[in-house]
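Colleague: The lines below spell out each chain.
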Amino acid sequence: MAATLPNVLVTTEWVAQHATDAGVRVVEVDVDTTAFDQGHVPGAAGWNWTTQLCDTLVRDIVPVNKLEELLGATGIDNKTAIILYGDNNNWFAAWAFWQLKIYGHEDVRIMDGGRKKWLAEGRDLSTDKPSFPRTTYKAKAADTSLRAFLPEVQAASAGKKAGLVDVRSPQEFTGEILAPPGLPETCQRGGHIPGAKSIPWGKNCNDDGTFKSFDDLKAMYAAQGITGEQPVIAYCRIGERSSLTWFVMKHLLGFNNVKNYDGSWTEWGNLVGAPVEK
Amino acid sequence: MKPEEHTRRQQDLAGWAITIETYKLGDVYHCTIANVDPGARFARADGSTREEAESRAIEKATRYLQQTRKFTV
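Here the protein sequences come in this chain order: A and B.
For reference, each letter of the first sequence is one residue, going 1 to 278 in this note's numbering.
For reference, each letter of the second sequence is one residue, going 279 to 351 in this note's numbering.
Treat the hints with care, as some may be off.
Cut-off 25 Å, straight-line C-alpha distance, at most; resulting in silico cross-link-like pairs (DSS-like, lysine-lysine) [stated by the list, open to error]: (1) LYS66/A <-> LYS140/A; (2) LYS348/B <-> LYS203/A; (3) LYS160/A <-> LYS129/A; (4) LYS160/A <-> LYS348/B; (5) LYS348/B <-> LYS197/A; (6) LYS117/A <-> LYS203/A; (7) LYS302/B <-> LYS129/A; (8) LYS348/B <-> LYS338/B; (9) LYS101/A <-> LYS79/A; (10) LYS302/B <-> LYS348/B; (11) LYS117/A <-> LYS348/B; (12) LYS129/A <-> LYS280/B; (13) LYS278/A <-> LYS348/B.
Pulled from the structure, derived: some chain A residues nowhere near chain B, Cβ distances all over 12 Å [what the hints assert, rightly or not]: (14) GLY23; (15) THR51; (16) ASP60; (17) PRO63; (18) THR80; (19) PRO180; (20) MET220; (21) THR227; (22) THR266.
If you are wondering where the hints come from, they were derived from the structure by calculation, not from laboratory data.
A virtual CB, placed ideally from N, CA and C, is assigned to each residue, including glycine.
Bound conformation, chain A alone:
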């Protein structure tokens, strides 16, 4: 990943050296919101995706005023380099990255390998509850070109004008299961959006949690007809796994027109009358 590493990825070693530098804020965002308390990168903040990175009243991404408050409370200003990492090979770190880009934060990066690699390397963990000097953060207007809503996905499915990438597991894609094993079912029907290609998110990563090389990723997507020459929409169940795939296509492969459909299967699989393929 040498061509893109300096821009959007940092190594665990870089984080070990720079986590507490001025102008840098490391933030852990996990699927399991208790993971932060089991030990985190020293100096890191922890964000809870279920309460802090969404609208808790209506189903939506975090409202702008709530994001500004969160970033201010985390001591982040508009010039801070935000380094995100988390469990599950950075699922929700990518979710946070996507939202920060929607709101125009310039310098956001992901720690390659996430919590998995940090732990496997036996690096220091802290259980301290960090506090930060409050800042005032001003977000930019939301960039909706990074986000797909239902009508656009319906048009993409019907008209084949955009490539649809289903990043869930093959068993979810076929409708054999409705949710990842052990997690709650959140839909009425199983299967996938007609026309979608199955490219499970995990294929983006190596065993140690790091992202695969540019050449490997490019070849993998090209084999499914996803080359970046036409618009692409990624989806999963609730939008976090697909934000990782969105990150890969947009920021590691450099595709211009990539959107994350965060409504995902939880929306499509509950729609009355929506076409489904198995």
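Following the hints, put chain B in place on chain A, whose structure we already have.
Modeller: Chain B only, in chain A's frame:
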């Protein structure tokens, strides 16, 4: 603090492939369980020994996995 006694292994549980990851931090053993595909953490527990943390996490994981339905396609 450095995490100690870090282990990561795969096994089958209630018909599903899972990953069990355990480490000790200070005096506490932390255990988390994830499905192998798609790789989501869905059960965790702490304990004063490895066995205690893992048995608690496995008990939760078993309960959750037994609720996962499979459909014929």
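Colleague: Would you mind confirming whether the straight-line C-alpha gap from LYS348/B to LYS338/B stays at or under 25 Å?
Modeller: holds (19 Å)
Colleague: Do the alpha carbons of LYS117/A and LYS348/B lie within 25 Å of each other, as the hint requires?
Modeller: Since the Cα atoms of LYS117/A and LYS348/B sit roughly 32 Å apart, the hinted pair is violated (cutoff 25 Å).
Colleague: Given the hinted pair LYS66/A and LYS140/A, is their Cα-Cα distance within 25 Å?
Modeller: holds (13 Å)
Colleague: With 12 Å as the threshold, tell me whether MET220/A passes as away from chain B on beta-carbon distances.
Modeller: holds (16 Å)
Colleague: LYS129/A and LYS280/B were given as a pair; does the straight-line alpha-carbon distance stay at or below 25 Å?
Modeller: holds (17 Å)
Colleague: Holds or violated: LYS101/A and LYS79/A, Cα atoms, limit 25 Å.
Modeller: This hinted pair holds, its Cα atoms lying about 13 Å apart.
Colleague: Quick one: work out the minimum CB distance from THR51/A to chain B and report holds if it exceeds 12 Å, violated otherwise.
Modeller: At roughly 18 Å from the nearest Cβ of chain B, THR51/A sits farther out than 12 Å, so the non-interface label holds.
Colleague: Could you check that no beta carbon of chain B comes within 12 Å of the beta carbon of ASP60/A?
Modeller: Holds: least Cβ distance 23 Å, greater than 12 Å.
Colleague: Between LYS302/B and LYS348/B, does the CA-CA distance stay at or below 25 Å?
Modeller: Violated: LYS302/B and LYS348/B sit about 35 Å apart, past 25 Å.
Colleague: Please verify whether LYS302/B and LYS129/A have alpha carbons no more than 25 Å apart.
Modeller: Judged against 25 Å, a Cα distance of about 19 Å means the pair holds.
Colleague: If we take the beta carbon of THR266/A, is the closest beta carbon in chain B still more than 12 Å away?
Modeller: holds (15 Å)
Colleague: Beyond 12 Å from chain B, beta-carbon-wise, is PRO63/A?
Modeller: holds (27 Å)
The structure fails to meet hints 3, 4, 10, 11, 19 from the earlier list, while all remaining hints are met.
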